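Fit chain B to the supplied structure of chain A, relying on the hints for placement.
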Amino acid sequence: MARPSSAARKGLEKHPVPAKTTITLHVNGVERKLAVAPWTTLLDALRLYLDLPGTKKGCDHGQCGACTVLLDGRRVYSCLTLAVMKDGAQVTTIEGLAQGSTLHPLQQAFIEHDAFQCGYCTPGQICSAAGLIAEGKARTADEIRELMSGNICRCGAYPNIVAAIEEVMFGKTMEKSAEAKR
Amino acid sequence: MNNFGYTRASDVADAVRQIAADPGAKFIAGGTNLIDLMKENVARPSRLIDITHLPLNNIEETQDGGLRIGALVPNSDLAYDPRIEARYPLLSSAILAGASQQVRNMASTGGNLLQRTRCFYFYDTTTPCNKREPGSGCSAIEGINRMHAILGTSEHCIATHPSDMCVALAALEARVLATGKDGQRSIAFAEFHRLPGDTPQIDSNLRADEIITAIELPPKGFATNYTYLKIRDRLSYAFALVSVAVGLEIEGDTIKEARLALGGVAHKPWRDPRAEAQLNGARATRENFLHAADTVLRDARGFGHNDFKIELARRGILRALTQAARGTPQSQADKRIK
Numbered sequence: 001m002a003r004p005s006s007a008a009r010k011g012l013e014k015h016p017v018p019a020k021t022t023i024t025l026h027v028n029g030v031e032r033k034l035a036v037a038p039w040t041t042l043l044d045a046l047r048l049y050l051d052l053p054g055t056k057k058g059c060d061h062g063q064c065g066a067c068t069v070l071l072d073g074r075r076v077y078s079c080l081t082l083a084v085m086k087d088g089a090q091v092t093t094i095e096g097l098a099q100g101s102t103l104h105p106l107q108q109a110f111i112e113h114d115a116f117q118c119g120y121c122t123p124g125q126i127c128s129a130a131g132l133i134a135e136g137k138a139r140t141a142d143e144i145r146e147l148m149s150g151n152i153c154r155c156g157a158y159p160n161i162v163a164a165i166e167e168v169m170f171g172k173t174m175e176k177s178a179e180a181k182r
Numbered sequence: 001m002n003n004f005g006y007t008r009a010s011d012v013a014d015a016v017r018q019i020a021a022d023p024g025a026k027f028i029a030g031g032t033n034l035i036d037l038m039k040e041n042v043a044r045p046s047r048l049i050d051i052t053h054l055p056l057n058n059i060e061e062t063q064d065g066g067l068r069i070g071a072l073v074p075n076s077d078l079a080y081d082p083r084i085e086a087r088y089p090l091l092s093s094a095i096l097a098g099a100s101q102q103v104r105n106m107a108s109t110g111g112n113l114l115q116r117t118r119c120f121y122f123y124d125t126t127t128p129c130n131k132r133e134p135g136s137g138c139s140a141i142e143g144i145n146r147m148h149a150i151l152g153t154s155e156h157c158i159a160t161h162p163s164d165m166c167v168a169l170a171a172l173e174a175r176v177l178a179t180g181k182d183g184q185r186s187i188a189f190a191e192f193h194r195l196p197g198d199t200p201q202i203d204s205n206l207r208a209d210e211i212i213t214a215i216e217l218p219p220k221g222f223a224t225n226y227t228y229l230k231i232r233d234r235l236s237y238a239f240a241l242v243s244v245a246v247g248l249e250i251e252g253d254t255i256k257e258a259r260l261a262l263g264g265v266a267h268k269p270w271r272d273p274r275a276e277a278q279l280n281g282a283r284a285t286r287e288n289f290l291h292a293a294d295t296v297l298r299d300a301r302g303f304g305h306n307d308f309k310i311e312l313a314r315r316g317i318l319r320a321l322t323q324a325a326r327g328t329p330q331s332q333a334d335k336r337i338k
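Residue numbers (our numbering), protein chains in the order written: chain A, 1 to 182; chain B, 1 to 338.
Excised from the complex, chain A in its bound form:
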């Protein structure tokens, strides 16, 4: 593995020699070792180095939410996370939510409620919703909408996304969202 030159370590070079560091990530319960440059984002590490393309690159600037994953159990934007800073972390991506051939309840609810059209935002929506449920702060549809505002759906499937999350959270959908579903 290349090591940073002493000049790079002291920060004296304007453009230090690309130096890779080996890190360990526990991705979907599997220990993965990989060598990353300082500027490799967690998103690129997942997609390019770990062959997990389920996490999507939308805006790459933390505005759209398509890259949302669970990092040590909390939802974050993987596009604004440097992999090198997360050595040893637990990462859950959309690929890690199903138990064998049984879909995660959110995945099942998204299908049943037709909570997507093109599907590009969906992995991020579902990981974000998993984080939302774990946080336990949303009690109403308004609160779901507010706390899901970091995930954009350009197809506009929002009413069905809220309905799917409501069903998983409360075991039923509120009347208004159920109506939107029809």
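The hints are simulated quantities; they were obtained by calculation from the structure and are not laboratory data.
Note that the coordinates shown come from a computational prediction; the quantities given were computed from them, not determined experimentally.
Worth double-checking, as some hints may not be accurate.
Stated by the list, open to error - Computed list of lysine-lysine pairs in DSS-like fashion (alpha-carbon distance at most 25 angstroms, straight line): (1) K33/A <-> K20/A; (2) K137/A <-> K335/B; (3) K39/B <-> K20/A.
What the hints assert, rightly or not - Far from chain B, by Cβ distances over 10 angstroms, these chain A residues were calculated: (4) T24; (5) P38; (6) Y77.
Each residue gets a CB set at the ideal place from its N, CA and C atoms; glycine is no exception.
Structure of chain B alone, referenced to chain A:
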């Protein structure tokens, strides 16, 4: 992104040593703003010094009955901390009005103070910007300036500070603890951020070799009569056009003490001692609230697209003072303004 080096700080003293030895380096914690700026080629650090392993992630009681918040406490943990919710709900509300839950999970308390403006010209490296490139000129003054400042501007810069959390911290008169080569110091919140003047490239009075270690909240939290009213183009995940933080101490219908801070209108959270003095001892009436609003905005100046902010701020101040006096703070989930 340009290539850059990466090191970790082992303790606060090591962080200070590393940053003092390398003017091209920057600290990184949450990274939600810095990495974005690096992708846009606006920030080009030669090295990132990772401070996320420093022991600065606790919230603890201070001797005088306030709270000390470690600089690495994530925004979401701070907003949902039961002590903050009970004693400083204005702070909790302001944090939840900002960004998205993903950003709040990542962003640190100290980093929130140091985030840069979201002025489009600052971000657009093809245009002149005195904040990004001193001496190149300000594209916003005669450009698209709907988001820009109406108070405390200079001929060199009309950018706004984007934080919601900082508006509440200004109203609460928090203090910023920083450690540098010369030891630790405590900075009054009003003295932390600066106006652009003729050096708009400098956002705060934090020295180059200093690291923020904590924010201290004084005991008084205005937990009964407060509000954080944020007005923006989208209902969520958008920066404020105008935001108003209010904390009142009320006896009967008389205001004993008023705190009033505005976001989205200046290069720093905007407080006006004259307006607060007018409210102190005054009755909580619409006339007195409007009088205070007019005082805050007496020197306000628009630059074309943002002229509407002056009237918006006036109405926002009136509404926020009314919400606080009634004890009916703005909900950050049900966005209807009551």
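Do the hints match the structure? See the list:
1. K33/A <-> K20/A: 12 angstroms, holds
2. K137/A <-> K335/B: Holds, at roughly 17 angstroms.
3. K39/B <-> K20/A: Holds, because 19 angstroms separates the two Cα atoms, which is no more than 25 angstroms.
4. T24: 16 angstroms, holds
5. P38: Its Cβ does come within 10 angstroms of chain B, the nearest being 4 angstroms, so this is violated.
6. Y77: 5 angstroms, violated
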